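**Student:** Here is how the chains run, residue by residue.
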Amino acid sequence: MAFTFERTDDLLSIAVDGQLVVGNRQEFKQLVLDQVEQGARRVLIDFTDTGYIDSSGLGALVSLGKRIREHGGELRLAGLNEDLRTLFELTRLDTLFRLHDSSDDAREGF
Amino acid sequence: MAFTFERTDDLLSIAVDGQLVVGNRQEFKQLVLDQVEQGARRVLIDFTDTGYIDSSGLGALVSLGKRIREHGGELRLAGLNEDLRTLFELTRLDTLFRLHDSSDDAREGF
Amino acid sequence: MTPAKVSRGAGDSGTSVLEWQIASKVDEIDAIVAAVCAACAVAGFPDKVCRLNVPVSLTEALANAIEQGNGNDPTRVVRVLARIDLVGLCVEVTDEGAGFDTQAVRARCHEQSWVDREDGRGVFLMHALMDNVETWCDVGHTVRLTLRWP
Amino acid sequence: MTPAKVSRGAGDSGTSVLEWQIASKVDEIDAIVAAVCAACAVAGFPDKVCRLNVPVSLTEALANAIEQGNGNDPTRVVRVLARIDLVGLCVEVTDEGAGFDTQAVRARCHEQSWVDREDGRGVFLMHALMDNVETWCDVGHTVRLTLRWP
Ligand SMILES: Nc1ncnc2c1ncn2[C@@H]1O[C@H](COP(=O)(O)OP(=O)(O)O)[C@@H](O)[C@H]1O
Ligand SMILES: Nc1ncnc2c1ncn2[C@@H]1O[C@H](COP(=O)(O)OP(=O)(O)O)[C@@H](O)[C@H]1O
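Protein chains in written order, with the working numbering: chain A, 1 to 110; chain C, 111 to 220; chain R, 221 to 370; chain Z, 371 to 520.
No lab work stands behind these hints: they were computed from the structure.
Bear in mind the structure is a predicted one, so any value in this text is a computation, not a measurement.
Dumping the calculated SDA-like pairs for lysine to any residue here, alpha-carbon to alpha-carbon at most 20 angstroms:
no.	chain 1	residue 1	chain 2	residue 2
1	R	K268	A	D49
2	A	K29	R	E287
3	A	K66	R	V335
4	R	K268	A	T48
5	Z	K418	C	D193
6	A	K66	R	E338
7	Z	K418	R	T235
8	A	K66	A	G39
9	A	K29	A	G65
10	C	K176	C	D120
11	A	K29	A	D49
12	R	K245	A	E27
13	A	K29	R	V246
14	C	K176	C	T205
15	C	K176	Z	Q482
16	C	K176	Z	G490
17	Z	K395	A	A15
18	Z	K395	R	D247
19	Z	K418	R	E239
20	R	K245	R	D339
21	C	K176	Z	E488
22	Z	K395	R	V246
23	Z	K395	Z	E466
24	Z	K395	A	A2
25	C	K176	C	D204
26	Z	K395	A	D49
27	A	K66	A	T95
28	Z	K395	C	E137
29	C	K176	C	F220
30	C	K176	Z	R487
31	A	K66	A	L11
32	Z	K418	Z	G458
33	R	K268	A	R85
34	A	K29	R	E338
35	C	K176	Z	W484
36	R	K268	A	D83
Chain A with its partners taken away, still in its complex shape (with noise of 0.2 angstroms):
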């Protein structure tokens, strides 16, 4: 399990590598709220090497959306399989996040 993260201006890409769970979802809220604090606005996840994401990891996705908006910034999920797009139908999150097929695609007009 591995986050890599890339700061260009205000824009946050971070790719999550393995899975996004109870065991590391605090270690990865901090990670994006510290650069939220440094001035993030755009905030990109990439989800195309990951593997699952639990009740925690998808909750942890929620309060950062809510804190990236109470900043007036936006973020934006990318890269979700098959699998993960069904975590997202089946708990009513693809109503709060658009999820983009790639990166390219969510940069698009970010």
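Starting from the known structure of chain A, arrange chains C, R and Z with the ligands on it as the hints suggest.
**Tutor:** Only chains C, R and Z with the ligands this time, still in chain A's reference frame:
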């Protein structure tokens, strides 16, 4: 994986619950060495609830045995199941340590 | 951590049983989940089941047992028993707590505000991803997840 | 961590393949080992093999790949490919290093002082606990552990 220990006078008894492997042998070694610094001289390690030991774990035992002897103390090992005995025989460590069937056995004449 | 106990009946009709006892630390979750998923893959469950249904629902059950049932107290134990047989997969996760009102928890996910909440999706996901979720209190509190062969 | 890839042939003659990529951190070892052991148990390997031979030799291979091959550099990757088929179990562990002189390492364990050393038992144990241990360098360095059905 967890270590539970009990200290009575200069006798330290430790039980290894789970594995003794590369991921936790440092923590284990430090725990025992701290007790030796604080006067433990008879050290009894109980493997009744131990799954397996890798070469790092075996190495930690060798090095602990040496350090304890340098302090004029003795290390005894107890409760090794057949699998663990196989490991000690393969590596000839059964010639370096006396392997006791149980902690009670090991405590006799200790 | 390897299974504390492993047994398998003879021949093709064999039942496989894996058993663990872990301290109540969330770091212990991944190894158990990986093991049960690998077991399901080798037993022949479809890829999607091994990559989504099993790991997510088992992670939920273990996280709840560790955090809610045992209050993250590392001296408290969670027991896991996974069984694969002719019927399918059955996993029981037992904590040392007193359980909870499952009906009340499930009712919550129909509330308007549910989608915006940070927590409260675990029990829902277990039900959504497994064929059957049962809970009871006996010696501690147990959640049993069942998934039949497709 | 669930297998990055899982596949299984149809019917009873099916071959199971589990694949992972991990960062070079010793914390990652346990989950992989637990998964391969569970897979072996479900496939029908004897208990002793699943509790001793497989976990110990695989832990050695992974620890060496992470510490020696990749120098504990978490940005370097270790790849694991486990395969169970009609022949038995075959696990390949690949690091990003340049390998080592296996003959020299094996010769050491005949030295008088070997028993007293803290390190240097890993390669020996892999050979003692597996039917076959092969190493080669191609894209990185690979150790292949093989265990035939008993
Ligand atoms: N094993 C358990 N022991 C005690 N209470 C539990 C257990 N599992 C779940 N609960 C209760 O059910 C509630 C909902 O659980 P869940 O749907 O997993 O969401 P979350 O854990 O995010 O709150 C928990 O907040 C807790 O009150
Ligand atoms: N994957 C690897 N890459 C490079 N060198 C290795 C690798 N595996 C083993 N070695 C070399 O072989 C030596 C012996 O390994 P081993 O028997 O496992 O004992 P230890 O790791 O305790 O030294 C190591 O010290 C190292 O020099």
